[in-house]
Amino acid sequence: MLTGKSVAARLAPVLACMGLLALWQIAALALNSDSFPTALEAMRAIPSILGDKEALINILASLRRMAVGFLAAVAFSIPLGLLMGRSASVASFCNPLLMVIYPVPKAALMPIIMLWLGVGDLSKTLVIFLGVSLPVIYHSFEGAKAVEEKMLWSGAAMGLSSVERMIRIVLPASLPEILTGCRTGLVLALITMVTSEMIARQSGAGNILFNALDMGQYDTVFAMIIIIGAMGIALDVAFESMRQRLVSWSEPQFDVPLSFS
Amino acid sequence: MTAAGSRSEAPLERTPASKSAPAMIEIDRVSQVFRTSSRKDHLALSDISLAIEDGAFVSILGPSGCGKSTLLYIVGGFVQPTMGTAKMKGKTIAGPGPDRGPVFQEFALFPWKSVLGNVMYGLRQQGVRPAEAEAQSRALLDMVGLKGFEHFYPKELSGGMKQRVALARTLAYHPEVLLMDEPFGALDAHTRTRLQNDLLKIWERDRKTVLFVTHSVDEAVFLSDKVVMMTRSPGRVRQVVDIDLPRPRRRTELLLDPRYQKYVVNIERMFDEPDEDELRC
Ligand SMILES: Nc1ncnc2c1ncn2[C@@H]1O[C@H](COP(=O)(O)OP(=O)(O)OP(=O)(O)O)[C@@H](O)[C@H]1O
Ligand SMILES: [Mg+2]
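Each protein sequence line maps, in turn, to chains A and B. Going by my numbering, 227 is the number at position 227 of the first sequence; the sequence numbering is gapless. Just add 1000 to the spot in the second sequence (first one is 1) and you have my numbering.
Keep in mind that the hints were calculated from the coordinates and are not lab data. Even for Gly, the Cβ is constructed at its ideal location relative to N, Cα and C. Take the hints with a grain of salt, since some may be wrong.
As the list claims (entries may be wrong) - Simulated coverage check for chain B against chain A, where a stretch passes if three residues somewhere in it have a Cβ under 8 angstroms from a Cβ of chain A:
id: 1; region: 1090-1097
id: 2; region: 1120-1130
As the list claims (entries may be wrong) - Straight-line alpha carbon distances no greater than 27 angstroms define the calculated DSSO-like cross-link-like pairs of lysine-lysine that follow:
id: 3; chain 1: A; residue 1: Lys145; chain 2: B; residue 2: Lys1089
id: 4; chain 1: B; residue 1: Lys1201; chain 2: B; residue 2: Lys1089
id: 5; chain 1: B; residue 1: Lys1091; chain 2: B; residue 2: Lys1208
id: 6; chain 1: A; residue 1: Lys150; chain 2: B; residue 2: Lys1113
id: 7; chain 1: B; residue 1: Lys1262; chain 2: B; residue 2: Lys1089
id: 8; chain 1: A; residue 1: Lys145; chain 2: B; residue 2: Lys1040
id: 9; chain 1: B; residue 1: Lys1262; chain 2: A; residue 2: Lys150
id: 10; chain 1: B; residue 1: Lys1208; chain 2: B; residue 2: Lys1162
id: 11; chain 1: B; residue 1: Lys1162; chain 2: A; residue 2: Lys145
id: 12; chain 1: B; residue 1: Lys1208; chain 2: A; residue 2: Lys150
id: 13; chain 1: B; residue 1: Lys1155; chain 2: B; residue 2: Lys1208
id: 14; chain 1: B; residue 1: Lys1040; chain 2: A; residue 2: Lys150
id: 15; chain 1: B; residue 1: Lys1155; chain 2: A; residue 2: Lys150
id: 16; chain 1: B; residue 1: Lys1162; chain 2: B; residue 2: Lys1113
id: 17; chain 1: B; residue 1: Lys1089; chain 2: A; residue 2: Lys150
id: 18; chain 1: B; residue 1: Lys1147; chain 2: A; residue 2: Lys150
id: 19; chain 1: B; residue 1: Lys1208; chain 2: B; residue 2: Lys1087
id: 20; chain 1: A; residue 1: Lys5; chain 2: B; residue 2: Lys1155
id: 21; chain 1: B; residue 1: Lys1113; chain 2: A; residue 2: Lys145
id: 22; chain 1: A; residue 1: Lys150; chain 2: B; residue 2: Lys1162
id: 23; chain 1: B; residue 1: Lys1155; chain 2: A; residue 2: Lys145
Unchecked claim - So the derived label-pair ranges between C-beta atoms look like this:
id: 24; chain 1: A; residue 1: Trp116; chain 2: B; residue 2: Leu1043; range: 55 to 63 angstroms
id: 25; chain 1: B; residue 1: Lys1201; chain 2: A; residue 2: Pro252; range: 31 to 39 angstroms
id: 26; chain 1: B; residue 1: Leu1255; chain 2: A; residue 2: Ser92; range: 56 to 64 angstroms
id: 27; chain 1: B; residue 1: Pro1258; chain 2: A; residue 2: Glu149; range: 43 to 51 angstroms
id: 28; chain 1: B; residue 1: Asp1041; chain 2: A; residue 2: Ala88; range: 19 to 27 angstroms
id: 29; chain 1: B; residue 1: Leu1043; chain 2: A; residue 2: Ala12; range: 58 to 66 angstroms
id: 30; chain 1: A; residue 1: Ser162; chain 2: B; residue 2: Pro1274; range: 42 to 50 angstroms
id: 31; chain 1: B; residue 1: Glu1268; chain 2: A; residue 2: Lys5; range: 52 to 60 angstroms
Build the full structure now, drawing on both the sequences and the hints.
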């Protein structure tokens, strides 16, 4: 049964979005500038973008690169992070490397990567991979490091080998932390996706946006920002609801929802 | 006379590592040094020797920090002693194994598994079919008073309930030796008494070898064949007291038994007196 409080909690994010659009509308009307279309104008441009086959193919290509980069990064980073968390020698080897890579904006590597690998899918996917990897490695590492030793001992006493303990104890025990890293990684995947297309202007959602900017089609620019933003929110909501289902065993029960789900 | 009763009349070994009957667990001149974060060596256990016979219930009693848990970890194979050896059935203990079941002071339940999932874990690992493992686990949970909580997760349990799940989880896979680290420490007096009785019942039935760490003199005397008293840190064996009380033991009867009272009072007195080493200092 829905109580008044939970209805309010569910409506809150919708109201926040509407408030933001209203502010935008008022500000745009007040400024009355060509390069700042109103919210309504921007939204009116959305159907024509989504109805355009060319644009749709571009957006789907972006999403595909993002998915490939994200999944490859997760598949690589979780095992590495877990190993680092459980083995001091792996950690002391990898930590300095990661410390050097960490502060470098991954998009800044784009020109070099383009030089080596061209402007195609490979370069862009690689940048997404790099952007997603670090938070996932870091969170998997922290999660694995925090696994209670007695839990591993209990497993060892039941006859689990060290590989089995890694997969059947360290992995599930660190899952909440790992998924927190993946959620950050997902947002970073979207950001690096757009940035990479901004640098390697060839195809993709980012390319549509910047082409429109070059041609002064400001309503299309803002419409693309809304579309990309909406994709980000939708991905985050979907991921968050999956995350909550997977790790409900670890969550304290909050009264205030922490996301849009 | 019951088997249990006649058993306690058999003379219990005082001298460690005696060569007569091969002991289930044999701890031979074990010392444990820990390197602390401040880079200082800390002697946690000093020259411990102890023989535990097959089917014996042995309690370890000693002040906090004297190395009781450490000793249990060494027998469990989780910690390798700095000096000396620990053997099980004559074989040096090299690592953990399902023949020795630990119940840790910190419970160490698997938080992503339900209560039932935790208890079934060891059985499933041994290849027992799910239906069979579930039936056995449910029976155990019933015994420790957790019927109806099978699908709760550890975070939804009280401290005492977690402790009971930990106990059931270890009992489930039938280890030959139980290593229990203050398993009833977090329980209220009522549940504690109930579980002590249940543990005794299981023990009298299965005759597992039990190494039982506790702070409570009362509990040690009630449960054990033998009470190992340890000194303050660094832990040494101070004295081994054989508890010569008939079994099966009833708590209500024992409390009135002058022999029981004498054991408790004597052990408490001994702890109050400074031991020889402290006098020497
Ligand atoms: N991993 C470790 N590193 C350094 N010192 C340790 C470590 N484990 C235990 N010690 C030290 O060894 C001593 C014995 O610890 P232990 O946990 O065995 O005591 P205990 O008798 O079980 O105490 P309690 O009754 O409070 O549980 C303590 O002084 C403790 O500081
Ligand atoms: Mg202890």
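Supplied distance hint 31 to 39 angstroms, evaluated on CB atoms of lysine 1201 (chain B) and proline 252 (chain A): 38 angstroms, holds
Does lysine 150 (chain A) sit within 27 angstroms of lysine 1040 (chain B), going by the straight-line distance between their CA atoms? 24 angstroms, holds
Hey, lysine 1262 (chain B) versus lysine 1089 (chain B), does the alpha-carbon distance stay inside 27 angstroms? Answer violated: lysine 1262 (chain B) to lysine 1089 (chain B) is near 34 angstroms, above 27 angstroms.
Given pair status - lysine 1089 (chain B), lysine 1201 (chain B), alpha carbons within 27 angstroms: 25 angstroms, holds
Do the alpha carbons of lysine 1089 (chain B) and lysine 150 (chain A) lie within 27 angstroms of each other, as the hint requires? 25 angstroms, holds
Straight-line Cα separation of lysine 1155 (chain B) and lysine 150 (chain A) no greater than 27 angstroms? Holds: lysine 1155 (chain B) and lysine 150 (chain A) sit about 17 angstroms apart, inside 27 angstroms.
Taking 27 angstroms as the top limit, are the C-alpha atoms of lysine 1113 (chain B) and lysine 145 (chain A) close enough? Distance of about 20 angstroms is within 27 angstroms: holds.
Beta-carbon spacing of leucine 1255 (chain B) to serine 92 (chain A) - inside the hinted bounds 56 to 64 angstroms or not: Given a distance of about 57 angstroms, which is inside 56 to 64 angstroms, the answer is holds.
Is lysine 5 (chain A) within 27 angstroms of lysine 1155 (chain B), Cα to Cα? It holds: about 26 angstroms lies between the C-alpha atoms, which stays within 27 angstroms.
CA of lysine 1162 (chain B) to CA of lysine 1113 (chain B), is that 27 angstroms or under? 12 angstroms, holds
Hey, lysine 1162 (chain B) versus lysine 145 (chain A), does the alpha-carbon distance stay inside 27 angstroms? Judged against 27 angstroms, a Cα distance of about 23 angstroms means the pair holds.
Take a quick look at whether lysine 145 (chain A) and lysine 1040 (chain B) sit within 27 angstroms of each other, Cα to Cα. Status holds; Cα separation ~24 angstroms.
Comparing the model with each earlier hint shows violations of hints 3, 7, 9 and 13; every other hint is respected.
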